[in-house]
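Could you put the whole structure together from the sequences, leaning on the hints where they help?
Here the sequence shown is numbered in the UniProt record's numbering, starting from 1 and rising by one per residue.
Hints listed in this document are in silico derivations from the structure and should not be mistaken for laboratory results.
Do not rely on the hints blindly, as some may be mistaken.
[To be verified] Listed next, with one range per pair, are the computed distances between beta-carbon atoms: (1) His286 x Pro212: 18 to 28 Å; (2) Gln142 x His286: 36 to 46 Å; (3) Asp288 x Ser114: 25 to 35 Å; (4) His286 x Arg174: 31 to 41 Å.
All values reported here derive from a predicted model rather than from experimental measurement.
We treat Cβ as the ideally placed atom computed from N, Cα and C, and that holds for glycine.
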Amino acid sequence: MATSIGTSASTQGLGFITTTQKRRRFLRSPLVLHEASPSSSSSEVKTQIERLISSLGGNSDDSDDGDDDDATISKVHIIGTGLSDRASSLPLRTLSVLSRADVVLHDALSLPESQIRLVVPDGCIVRSVGKRGDDRPNSVPQSDIDALLLRYAADDAFRTVVRLKGGDPFLFGRTRTEVDALRDGGAAYEVTPGLSSCIAGPHYGGVPLTDPVVGAQSFSVFSGTDARGRGAGRAADDNDSSDGGRMIDWSSLDVDSLVFLMIGRLDKLEELCGSIGGERGGYRWHGDTPCAVVRSAGRPLEQRVWRATLSTLVGTIRNDLGEAAVSISPAVLVVGPTASLDLLSQT
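Structure below.
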């Protein structure tokens with residue numbers, strides 16, 4: 001059994017494109033791949049991407065990352081894609097890896113298959129392995145994903161195996177279980193970071209997480225759900241959290257803002273807002289505390305932003321979407337003084 005090889009691209013940055021003089025020149029030249037508008041045709045975007053990949057030296061088999069001891073072994077690339085749903089927004093390194101992918105396993109919140117197809121070679125296998133909750137009929141169990149990664153990594157026909165994850169692989173994901181499976185199976189792997197929704201989500205909504213004018217210098221990040229899909233920090237009749245829930249004393253947090261990822265069901269959001277702004281909120285958090293929700297951040301045709309207070313947020317959303325609205329997934333919640341700001345507004 002081969003020895004497991006784990007590396008992180010975070011220490012390499014964009015170093016992979018400096019392995020030749022041609023790539024050094026490219027770094028100093030203007031970026032030729034422009035952000036595609038929603039009206040851009042698939043062929044136009046694909047042409048831009050192909051030109052960019054060609055400028056990087058192509059995707060020939062004798063040109064790998066430049067950091068593999070043996071470029072002939074199969075390798076699993078676990079890659080964060082950030083929040084955008086467009087291939088034109090991917091980092092250069094991700095484009096390079098995808099351009100020679102043999103198989104891609106992608107999450108529900110990473111790139112859609114139509115965008116992945118703009119980058120990968122013809123004949124590349126693209127499979128959706130998304131998990132959007134146990135009640136989603138098409139969700140793929142984590143154990144099945146682990147098994148798929150190992151199966152492809154063990155097959156010499158799949159030299160470049162790509163696992164695409166939305167946001168960053170190390171934040172509120174199951175990268176640990178996949179890495180453990182790859183280590184146990186002796187598979188070589190690499191993890192490439194992505195721009196997390198805890199930063200990019202508020203940004204797309206014009207919400208800074210720190211701002212000296214309003215005195216916000218710190219923030220904490222939480223999952224919007226606990227391990228069993230319940231609302232984070234939910235109120236309870238007693239202090240028993242043995243059922244998997246978490247009891248958070250919000251008043252004990254000496255931070256200026258709170259950021260919650262994976263916000264979904266409105267009833268759970270209402271419960272969370274009541275928990276933060278209620279008795280456990282102490283002097284810092286109360287019903288009038290500003291908050292903002294950014295839904296489908298980075299996806300121009302779907303993105304929505306709601307600004308309100310802890311006591312009025314869910315009502316504001318229901319007034320906009322209708323009383324029958326159940327979920328706003330995927331969404332990010334920001335609570336604190338910066339939530340009332342909109343730095344992207346031109347007025």
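Consistency of the hints with the structure:
no.	hint	result
1	His286 x Pro212: 18 to 28 Å	holds, 23 Å
2	Gln142 x His286: 36 to 46 Å	holds, 39 Å
3	Asp288 x Ser114: 25 to 35 Å	violated, 44 Å
4	His286 x Arg174: 31 to 41 Å	holds, 35 Å
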